[in-house]
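Once you've looked at the hints, dock chain R against the given chain G.
Chains as they are written, first to last, in the working numbering: chain G, 179 to 290; chain R, 653 to 766.
Hints were generated in silico from the structure; no laboratory data involved.
Within a straight-line C-alpha distance of at most 27 Å, the following computed DSSO-like cross-link-like pairs (lysine-lysine) qualify:
#, chain 1, residue 1, chain 2, residue 2
1, R, K714, R, K730
2, G, K223, R, K730
3, R, K711, R, K730
4, R, K655, G, K285
5, G, K223, R, K705
6, G, K223, G, K285
7, G, K223, R, K655
8, G, K255, G, K223
9, R, K705, R, K655
10, G, K246, G, K285
11, G, K223, G, K246
12, R, K730, R, K705
13, R, K730, R, K709
14, R, K711, G, K285
15, R, K711, G, K223
16, G, K223, R, K709
17, G, K233, G, K223
18, G, K233, G, K255
19, G, K285, G, K193
20, G, K285, G, K233
21, G, K255, G, K193
Derived coverage of chain G by chain R (criterion: at least 3 residues anywhere in the stretch with Cβ under 8 Å from a Cβ of chain R; other residues may be distant):
#, segment
22, 223-229
23, 276-286
Which chain G residues face chain R? A few, computed with CB under 10 Å, are given here:
#, residue
24, L265
25, F267
26, A269
27, A272
Every residue gets a Cβ at the ideal spot worked out from N, C-alpha and C, and that includes glycine.
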Amino acid sequence: GDSVTQTEGLVTLTKGLPVMLNCTYQTTYSPFLFWYVQHLNEAPKLLLKSSTDNKRTEHQGFYATLHKSSSSFHLQKSSVQLSDSALYFCALSANSGTYQRFGTGTKLQVVP
Amino acid sequence: GPKVLQIPSHQIIDMGQMVTLNCDPVSNHLYFYWYKQILGQQMEFLVNFYNGKVMEKSKLFKDQFSVERPDGSYFTLKIQPTALEDSAVYFCASSTGGARDEQYFGPGTRLTVL
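Only chain G is shown next, with the shape it has when bound in the complex:
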């Protein structure tokens, strides 16, 4: 069945450094990938989405490229800020199914 894998549970970085949060997926159907961000005690919000192979999508300084050849949709930012500290979820919508399947999430902790 469809699945999403986020390998890092916690990433701790110093402010100003670049970050890449990993997301890989499995599906036999054409995928739609999403990144959601959830700040402490808040609701998840959409950060990025894509269904186009090899096209970079960007929002609020974050970017990701869907690579169907490697089944990946890694989230990147060139310089993290303290306000980027949050939980980041990758999600997949693939088959004719009716919901998005979420990964386990990666907690990004940015320190001064």
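Here is chain R on its own, set in the frame of chain G:
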């Protein structure tokens, strides 16, 4: 932007009691979802709802769970009876289209079952 509201924000109940979680989705949205999240962990899909019917539900959606949206009012999740393992934050979400559209999440209801 569009907002999903959830009532109440917190609920504490004794095991075995019934609880109803209420969600006021974005007004023109047609698809509604419930997710369960335990202590900042993975967001786990419970159920989705469209055109007055459950479309799909996960293994977590036990027989004690039910959803409805009578006459376009709140989209509700009812748990009867509750169990200790039902303690979690429950998020409601809505979208205009199905799974390939952005989902708008509510702030969550923190349910504590004692």
